[in-house]
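**Q** Chains A and B, in that order, give the protein sequences.
261 is the number that full-length UniProt numbering gives to position 261 of the first sequence; each next residue is one higher, with no gaps.
56 is the number that full-length UniProt numbering gives to position 56 of the second sequence; each next residue is one higher, with no gaps.
Since the hints were made in silico from the structure, they are not lab data.
Watch out, some of these pointers could steer you wrong.
Computed spacing ranges between beta-carbons, pair by pair [as the list claims (entries may be wrong)]:
hint : chain 1 : residue 1 : chain 2 : residue 2 : range
1    : A       : D218      : B       : L274      : 42 to 50 Å
2    : B       : N245      : A       : L54       : 36 to 44 Å
3    : B       : D122      : A       : P110      : 32 to 40 Å
4    : B       : K305      : A       : D218      : 34 to 42 Å
5    : B       : L274      : A       : P100      : 38 to 46 Å
6    : A       : K67       : B       : K305      : 43 to 51 Å
7    : B       : F262      : A       : Q206      : 19 to 27 Å
8    : A       : P110      : B       : W265      : 36 to 44 Å
9    : B       : E171      : A       : N261      : 45 to 53 Å
10   : A       : I20       : B       : E171      : 53 to 61 Å
11   : B       : F26       : A       : L241      : 47 to 55 Å
12   : B       : N245      : A       : P263      : 44 to 52 Å
Listed below are the simulated DSS-like cross-link pairs for lysine-lysine, each with C-alpha atoms no more than 25 Å apart in a straight line [stated by the list, open to error]:
hint : chain 1 : residue 1 : chain 2 : residue 2
13   : A       : K161      : A       : K171
14   : A       : K243      : B       : K305
15   : B       : K185      : B       : K217
16   : B       : K267      : B       : K228
17   : B       : K305      : A       : K239
18   : A       : K243      : A       : K209
19   : B       : K217      : A       : K161
20   : B       : K239      : B       : K253
21   : B       : K233      : B       : K185
In this text, a Cβ means the ideal position worked out from N, Cα and C, and glycines have one as well.
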Amino acid sequence: MLPSINKKRSISIGILVLFIILIIIIYIGAPTTIYPIDIQNIQVNNVKNHTEQLSPRVLCLILTTPKNFLSRAIAVNETWGPRCDRYFFVTESDTQTMTPEQINFTRQVPIAPIQNITPGYDHLTQKSTLAFLFAYEKYFNDFDWFIKADDDVYLIVDNLKSFLSQQDTSKPETFGYNFKVIVPQGYHSGGASYVLGRESLRRFYQAHKDPTSTCSKDTGHEDVEIAKCLRSKGVYPGKSLDKQNRELFHPLSFNDHFRGNFPDWLKQYAENPLQARYECCGDQTISFHYVTPEELYFMDFLLYRARPASSTVKSNSSMIPAK
Amino acid sequence: MTGYNLKTHSVPTPVVITCLILITTFYVVIHSNVSYIEFQKIKLGNVTIHPELLSPRILCLIVTAPKYFLDRIKAINATWAPRCDRYFFITEYIPQNMTLQQINFAQQIPIAPIQNITPGYDHLTQKSTVAFQFAYENYFNDFDWFVKADDDTYLIVENLKAFLSDKNTSEPVTFGYNYKTNVPKGYHAGGASYALSRESLRRFNEAHKDPNSTCVKDGGAEDVEIGKCLRTKDVYMGKSLDKQNRELFHPFKYIEHFYGNFKVWLKEYAENPLQTGDNCCGDRTISFHYITPDEMYLMDFLLYKMRSRDVPQRNK
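Excised from the complex, chain B in its bound form:
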């Protein structure tokens, strides 16, 4: 008689246990939503990481003067400057020549403690030079990139950081809007702002410490002279077009680039062909120049306040 003997003929226990383990494992895996892509990332993460590439630390140096404190500086201080990891205003500070309002306001903003700045447009080279030296002497180790801007420049700081995040700060490279004339291998337009890598800043400082250097300590056009000085130490300009070959740094206002209302000389100066319309300015645009304080508040409102939802691209 074929008896049903539970002891010897039941489903083998190891099989049951294996099945239960398999079922449990698969459910856990499914519900933790581990996608294949994440496995890839984990593997890549084992390759060398350059910390500054994750989000480079940026020191912003904004060149200005007391007469602009209450309009331009107030606007910059309330809009884009705080998005830098740290920022300083580079200005002369002579209380005897300042109004009470300006002095009061100066207490509330970060002014770089730099002595003996000579006031006036003729001394912008000095202002920028001492700004970079100040940055080198006090903050060299704390930042990856050092950006000089004017008080009528609007910087979209997140885009600057994203742009710099895959650039190598140990290279003697700088980024900004590229002119090809006046200076060997060109120079950056001052008003569009430009960024120095750590190596570039180090060499700039070296150049100014060198008694034989031809670097100008004052006079001349600021952007030209800084450019010339950097070239003496083989610091070179990097490219700053986006993937669609559109400019990211802009020496003029948006509408001038959009319409193509360029000054006649720009065509000779510009390293890249001048583009207009929708090609004037990359989606990840970094800077515009000649921005009034009112425009800064408008730009800030449109870029940051009204971005709470994903605004869809328009149809062409």
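Just chain A, same shape as in the assembly:
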């Protein structure tokens, strides 16, 4: 009897030890909880394979001119410019006519190496055209979207990327603030900045290489002429309202949109109904125009540095901020 008891007992002890070891393994090995959402994401990622939609790479082309270097361009350089995956200032840079400070500035910021830019507001079409052609020739394969902005624009680059991550860069589509007049299917306000996808940029380049093309190489209004050129190759403007039908790109300052200080011409031009107060501007707003350098620094501080501490318990008498 005794040998049997020992055998059975040792088996019991063995099983007990096994259990304890299993429990320890499970306890140590149990890491983070696996959320159902992660599993969903994994499945989605296996279906579509558009990597640019995870975080699209954006090239920013910022039009400027030497007299604005030390005021506007420097502010862009110190605020939103670097948030682009890459950015270039597109400017004439004739060392004969620049001051030492301006020349010095050109050494510290990325200036697109483009020759023969004619200075002046009358030649913005040329500047924008050369900017896009430069982007195609040098950086076409490195980016998903190409945005042209002026030096008095504040771009909220994260929101731009977020918006573009839901768009398809292989479509001949562009995004910006939509005007409905002058150009077939409308065009984008230059001041609010506008974005070309890869297919759009490719077709723009094609258009300019085509000797029979009607695309203007200079003269005319930059935003109108670029748009006309794009239309000649079947590139069309996409929609850019948020889910609450609020604009994301803004051709005027925040103040003018918020107050509803709309010039009469805008009422004729705008594709979408003009809205004021809190309907003027989406939470994921992408751009404002007519921003001074001082405002660029201030907006940057408010968006990226100053962070209201998350509120804890609110007492009964507190009111929700007015909408």
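Following the hints, put chain B in place on chain A, whose structure we already have.
**A** Same frame as chain A, but now just chain B:
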């Protein structure tokens, strides 16, 4: 023969039960995600809790005048003031001298029911003084801190609350932007706004009830006179720099602090060395001065509307 007798040689029942209990316990513990840190918090929670430290209750007193109702006050009322636990506008209210629009608007905003306020910039000391007395007489027990602001001050109220949450309101202390001149032990710049603790407010009220007090009831510069009065009762200024030694209260606009466009006198007045650029203003900045109504809407939009996602810090 060694028979296999199930009765006496099966695995002992207590062992099985213990194992099952252990397995169950461990699974429950794992899936309820109780981390070690939470155990620490539970222990700390048994130590004394000062309720006002969780989220201090703040009464905001905004000094203004009827001519600013429709622009400045409208903006403040639509932006930061409602984030105070309660707020009042401190203003004279003389319907004979007001337009219909101003009177109508006044019905929609919380104006402190204070009589006999003398209008005009020369009487701001009186306005602030009666504001604090009103707060003491009517709301002393309902709030932890009492903040006076101008109608061109923008307050980031959450940051003010976070800042005050680890300060002791039973101390005779005040917080704001610190000047070191004019008043013994300095005084706070009025435009940057300043906060009085409960003890400070109590002593301020005591000072004004005391017939022998040197506290001025009107005239002079408001911030200087209030500061002087508080000093007579040993109320002192606290420090209000953040961990990186950056200012939280600002007597000027952001861009002036950022660029360092300071008035010449500021260098002599300021208690702390003047800083510019990214060091001008803490991440948890509390106030700016000389803010126009338009700027208030912009600040509100950028700080509160466009904060739906976590905006990443920029690379330097």
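**Q** Are the hints correct? Go through all of them and say.
**A** How the hints compare with the structure:
{"no.": "1", "hint": "A/D218 - B/L274: 42 to 50 Å", "verdict": "holds, 49 Å"}
{"no.": "2", "hint": "B/N245 - A/L54: 36 to 44 Å", "verdict": "holds, 39 Å"}
{"no.": "3", "hint": "B/D122 - A/P110: 32 to 40 Å", "verdict": "violated, 55 Å"}
{"no.": "4", "hint": "B/K305 - A/D218: 34 to 42 Å", "verdict": "holds, 40 Å"}
{"no.": "5", "hint": "B/L274 - A/P100: 38 to 46 Å", "verdict": "violated, 29 Å"}
{"no.": "6", "hint": "A/K67 - B/K305: 43 to 51 Å", "verdict": "violated, 34 Å"}
{"no.": "7", "hint": "B/F262 - A/Q206: 19 to 27 Å", "verdict": "violated, 56 Å"}
{"no.": "8", "hint": "A/P110 - B/W265: 36 to 44 Å", "verdict": "holds, 41 Å"}
{"no.": "9", "hint": "B/E171 - A/N261: 45 to 53 Å", "verdict": "holds, 48 Å"}
{"no.": "10", "hint": "A/I20 - B/E171: 53 to 61 Å", "verdict": "holds, 56 Å"}
{"no.": "11", "hint": "B/F26 - A/L241: 47 to 55 Å", "verdict": "holds, 52 Å"}
{"no.": "12", "hint": "B/N245 - A/P263: 44 to 52 Å", "verdict": "holds, 46 Å"}
{"no.": "13", "hint": "A/K161 - A/K171", "verdict": "holds, 17 Å"}
{"no.": "14", "hint": "A/K243 - B/K305", "verdict": "holds, 15 Å"}
{"no.": "15", "hint": "B/K185 - B/K217", "verdict": "holds, 21 Å"}
{"no.": "16", "hint": "B/K267 - B/K228", "verdict": "holds, 21 Å"}
{"no.": "17", "hint": "B/K305 - A/K239", "verdict": "holds, 22 Å"}
{"no.": "18", "hint": "A/K243 - A/K209", "verdict": "violated, 39 Å"}
{"no.": "19", "hint": "B/K217 - A/K161", "verdict": "violated, 58 Å"}
{"no.": "20", "hint": "B/K239 - B/K253", "verdict": "holds, 21 Å"}
{"no.": "21", "hint": "B/K233 - B/K185", "verdict": "holds, 13 Å"}
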